[in-house]
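K.L.:
Okay, here's what each chain looks like letter by letter:
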Amino acid sequence: MSVTDIGTRPAAAARTGTRDRLTALARAELTLLGRNKTTLFMALLMPLIMAFALHRAVAEMPLEKSGLSVGTALLPGTIGFVLVFAVYSTVTGALVTRREELVLKRLRCGELTDREILAGTALPTVLIGLVQCVLLVIVGGLALKVDLPRAPHLLLLGVLLGMVIVVAMAAASTAITKSAEAASLTTLPFVFISMAGSGMIAPLDIFPDRVAAVLELLPLSPVMGLVRDGWIGEGDLTDTLKRLVIALAWAGIAVFAVRRWFRWEPRH
Amino acid sequence: MNIGDFGANVIDVTGLRRRYGPSGGGRKSKKGDAGYEAVRGIDFSVARGELFALLGTNGAGKTSTVELLEGLAAPTGGKVRVLGHDPYAERARVRPRVGVMLQEGGFPSDLTAAEAVRMWAGTTSGARPVDEALEMVGLTRRRDVRIKMLSGGERRRLDLAMATLGRPEVLFLDEPTTGLDTEARHATWELIRELRADGTTVVLTTHYLEEAEGLADRLAIMHRGRIATTGTVAEVVASHPAQISFELPDGFLAGDLPPFPELGVDGHETVGRTIRLLTSDLQRAATGVLLWARDKGIELQGLDARSASLEEAFLRIAKGLEDK
Numbered sequence: 186m187s188v189t190d191i192g193t194r195p196a197a198a199a200r201t202g203t204r205d206r207l208t209a210l211a212r213a214e215l216t217l218l219g220r221n222k223t224t225l226f227m228a229l230l231m232p233l234i235m236a237f238a239l240h241r242a243v244a245e246m247p248l249e250k251s252g253l254s255v256g257t258a259l260l261p262g263t264i265g266f267v268l269v270f271a272v273y274s275t276v277t278g279a280l281v282t283r284r285e286e287l288v289l290k291r292l293r294c295g296e297l298t299d300r301e302i303l304a305g306t307a308l309p310t311v312l313i314g315l316v317q318c319v320l321l322v323i324v325g326g327l328a329l330k331v332d333l334p335r336a337p338h339l340l341l342l343g344v345l346l347g348m349v350i351v352v353a354m355a356a357a358s359t360a361i362t363k364s365a366e367a368a369s370l371t372t373l374p375f376v377f378i379s380m381a382g383s384g385m386i387a388p389l390d391i392f393p394d395r396v397a398a399v400l401e402l403l404p405l406s407p408v409m410g411l412v413r414d415g416w417i418g419e420g421d422l423t424d425t426l427k428r429l430v431i432a433l434a435w436a437g438i439a440v441f442a443v444r445r446w447f448r449w450e451p452r453h
Numbered sequence: 004m005n006i007g008d009f010g011a012n013v014i015d016v017t018g019l020r021r022r023y024g025p026s027g028g029g030r031k032s033k034k035g036d037a038g039y040e041a042v043r044g045i046d047f048s049v050a051r052g053e054l055f056a057l058l059g060t061n062g063a064g065k066t067s068t069v070e071l072l073e074g075l076a077a078p079t080g081g082k083v084r085v086l087g088h089d090p091y092a093e094r095a096r097v098r099p100r101v102g103v104m105l106q107e108g109g110f111p112s113d114l115t116a117a118e119a120v121r122m123w124a125g126t127t128s129g130a131r132p133v134d135e136a137l138e139m140v141g142l143t144r145r146r147d148v149r150i151k152m153l154s155g156g157e158r159r160r161l162d163l164a165m166a167t168l169g170r171p172e173v174l175f176l177d178e179p180t181t182g183l184d185t186e187a188r189h190a191t192w193e194l195i196r197e198l199r200a201d202g203t204t205v206v207l208t209t210h211y212l213e214e215a216e217g218l219a220d221r222l223a224i225m226h227r228g229r230i231a232t233t234g235t236v237a238e239v240v241a242s243h244p245a246q247i248s249f250e251l252p253d254g255f256l257a258g259d260l261p262p263f264p265e266l267g268v269d270g271h272e273t274v275g276r277t278i279r280l281l282t283s284d285l286q287r288a289a290t291g292v293l294l295w296a297r298d299k300g301i302e303l304q305g306l307d308a309r310s311a312s313l314e315e316a317f318l319r320i321a322k323g324l325e326d327k
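One line per chain: the protein sequences are Y and C, in this order.
Letter 190 of the first sequence, counting from 1, is numbered 375 in the working numbering, and no numbers are missing.
Letter 58 of the second sequence, counting from 1, is numbered 61 in the working numbering, and no numbers are missing.
Simulated from the structure, these hints should not be mistaken for lab results.
For glycine and all other residues, C-beta sits at the position ideal for the given N, C-alpha and C.
Any given hint could be a false lead.
As the list claims (entries may be wrong) - In silico contact screen, one side only, chain Y against chain C (beta carbon under 7 Å); selected entries:
id	residue
1	R200
2	T201
3	G202
4	D205
5	R206
6	L217
7	L218
8	G256
9	E285
10	V288
11	K290
12	R291
13	C294
14	L297
Using the sequences and the hints, build the whole thing.
P.N.:
Here it is in structure tokens:
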């Protein structure tokens with residue numbers, strides 16, 4: 186070991202900023218994601234596989250009531266699959282793995298704030314999810330002969346709120362997840378409830394009104410509603426505001442759960 | 004006001020306590036399980052530029068203490084100040100000026116050594132270049148190896164490179180040489196000495212006495228969550244007696260020795276036939292014993308005379324012989 190000028194640095198040295206720190210952490214996480222082939226495969230292909238699997242079923246659904254085509258039923262659902270499979274499950278797995286490897290503990294010894302650690306770990310996955318959404322809108326639209334979204338602002342709002350909710354839910358889910366392996370089990374409830382009850386497989390309109398009214402309150406229901414409204418250009422202000430309130434409430438609940446139960450170190 | 008910046012002490016600890024919640028965190032606990040108090044009211048300070056070692060057996064509370072200094076947890080009681088700030092509540096003010104080497108890893112196993120350092124550099128104010136950091140700890144040739152393929156010792160050195168990456172004013176090293184081979188251990192000691200020579204304040208935990216003896220300006224020996232003794236190596240050693248031990252020949256009892264006050268012996272212990280005399284004046288006691296043996300014409304089997312050593316002090320504390 187040879188040493189050159191190892192001592193205390195001059196006090197004037199520039200402090201790192203949030204952006205530097207987030208970039209550094211996200212870059213490392215992206216590298217790790219690229220090296221974890223199983224996770225990458227699941228994140229990239231699961232939404233598509235689900236969409237293909239559902240294609241026929243959706244084609245046979247009584248969609249007239251909701252005024253949807255196969256494409257406008259399937260594409261928003263696929264965005265939902267991106268949220269739950271590509272983002273929620275992946276972020277849960279990443280956070281649990283980092284916690285068990287004591288990476289989170291180490292990161293907390295440095296200059297990153299707790300929020301930056303969570304955000305930086307989730308960032309590459311969220312970005313990949315956003316790219317998938319953009320591709321779905323363009324390529325999926327072409328393949329299924331669906332026009333571009335008529336109210337893109339609603340679609341964008343829905344996707345962004347969805348990202349916030351699933352990342353917060355992922356962080357909250359780590360509290361009940363002991364290991365990366367266990368994550369494939371502990372993430373199932375949220376995935377299934379969202380798929381079945383939030384209108385990913387079938388729009389909520391096909392349910393009886395009372396059932397639909399309850400399902401509207403599930404975490405990703407307002408998100409799916411906004412995404413669908415964005416595509417077909419429907420949705421009045423009241424609906425949109427109602428969805429916004431429900432979505433923000435769930436984001437708030439998830440953030441509370443994270444603050445209350447998130448563990449930075451493995452249990453001993 | 005950064006009062007601590009102007010005072011001599013970089014670290015001030017008063018009445019520090021840390022209790023771990025009832026077993027298993029939030030889970031159901033056994034009746035009467037009030038958790039475990041790992042740190043039970045300790046006080047010490049570390050001056051700027053000083054190397055302070057925390058010694059102790061496993062479970063003595065060293066790591067629990069250091070984690071409070073690092074600001075990873077809030078103490079259950081008492082107060083910690085690092086560079087004049089509360090390291091837990093004022094994390095953002097303290098972190099850019101300290102470096103931390105945890106007892107255990109904390110690396111993503113699929114990153115290479117260089118990638119891990121680059122990531123850390125991006126989050127560290129005034130970080131030295133990645134290659135320089137790797138060279139410092141002798142990992143240049145292993146820079147592109149995945150961390151999971153590095154040996155335990157190499158990971159320890161990578162950890163040291165990251166802890167010192169931002170040229171910190173205060174460095175916390177939790178068992179920095181555990182798992183290192185002799186050569187790497189000496190190289191690490193050399194590096195720590197150089198850091199200290201450049202004015203870095205270092206808090207080190209170790210269970211290698213040699214490490215504390217060779218590096219520390221001052222040390223504290225912890226036992227069961229308390230500081231059993233503290234001071235410079237010389238002070239800690241001086242507060243413990245030197246000793247002479249030998250086997251009493253058949254037919255002799257301890258009472259057959261010259262009177263203890265005359266020998267300068269303050270106390271004794273007998274285990275089987277072996278007697279151990281404790282003294283603060285080793286030369287006088289040894290001379291007395293040897294002259295007595297010559298007069299009686301006896302051979303003292305297993306004769307051993309030794310000055311007090313840190314090891315002796317440590318062992319006596321570890322065995323619970325000294326309760327404070």
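K.L.:
If you take the shortest Cβ to Cβ gap from V288 (chain Y) to chain C, is it below 7 Å?
P.N.:
holds (5 Å)
K.L.:
With 7 Å as the cut and Cβ atoms as the points, is R291 (chain Y) at the interface with chain C?
P.N.:
It holds, given that the least Cβ distance between R291 (chain Y) and chain C is near 3 Å, below 7 Å.
K.L.:
Interface hint check: C294 (chain Y), Cβ to nearest Cβ on chain C, cutoff 7 Å. Holds or violated?
P.N.:
At 4 Å from the nearest chain C Cβ, C294 (chain Y) passes the 7 Å test, so the hint holds.
K.L.:
Does K290 (chain Y) pass the interface hint, meaning its C-beta sits closer than 7 Å to a C-beta of chain C?
P.N.:
holds (6 Å)
K.L.:
With 7 Å as the cut and Cβ atoms as the points, is G202 (chain Y) at the interface with chain C?
P.N.:
With a minimum Cβ separation of about 10 Å from chain C (threshold 7 Å), the hint on G202 (chain Y) is violated.
K.L.:
Holds or violated: L217 (chain Y) as interface residue toward chain C, Cβ cutoff 7 Å?
P.N.:
holds (5 Å)
K.L.:
Quick one, is the L297 (chain Y) hint okay against chain C at 7 Å, beta carbons?
P.N.:
Holds. Min distance 5 Å.
K.L.:
Once the shortest beta carbon distance from E285 (chain Y) to chain C is found, is it less than 7 Å?
P.N.:
violated (11 Å)
K.L.:
Given R200 (chain Y) as an interface hint, is its Cβ closer than 7 Å to any Cβ of chain C?
P.N.:
holds (5 Å)
K.L.:
Does the interface hint hold: is R206 (chain Y) within less than 7 Å of chain C, judged Cβ to Cβ?
P.N.:
This interface hint holds because 4 Å falls under the 7 Å limit.
K.L.:
Against chain C, run the beta carbon of G256 (chain Y) and see if the smallest gap drops under 7 Å.
P.N.:
Nearest chain C Cβ about 39 Å off; hint violated.
K.L.:
The hint names L218 (chain Y) as touching chain C; please verify it with the least Cβ-Cβ distance against 7 Å.
P.N.:
violated (10 Å)
Violated hints, in rising order: 3, 7, 8 and 9; the structure is consistent with all others.
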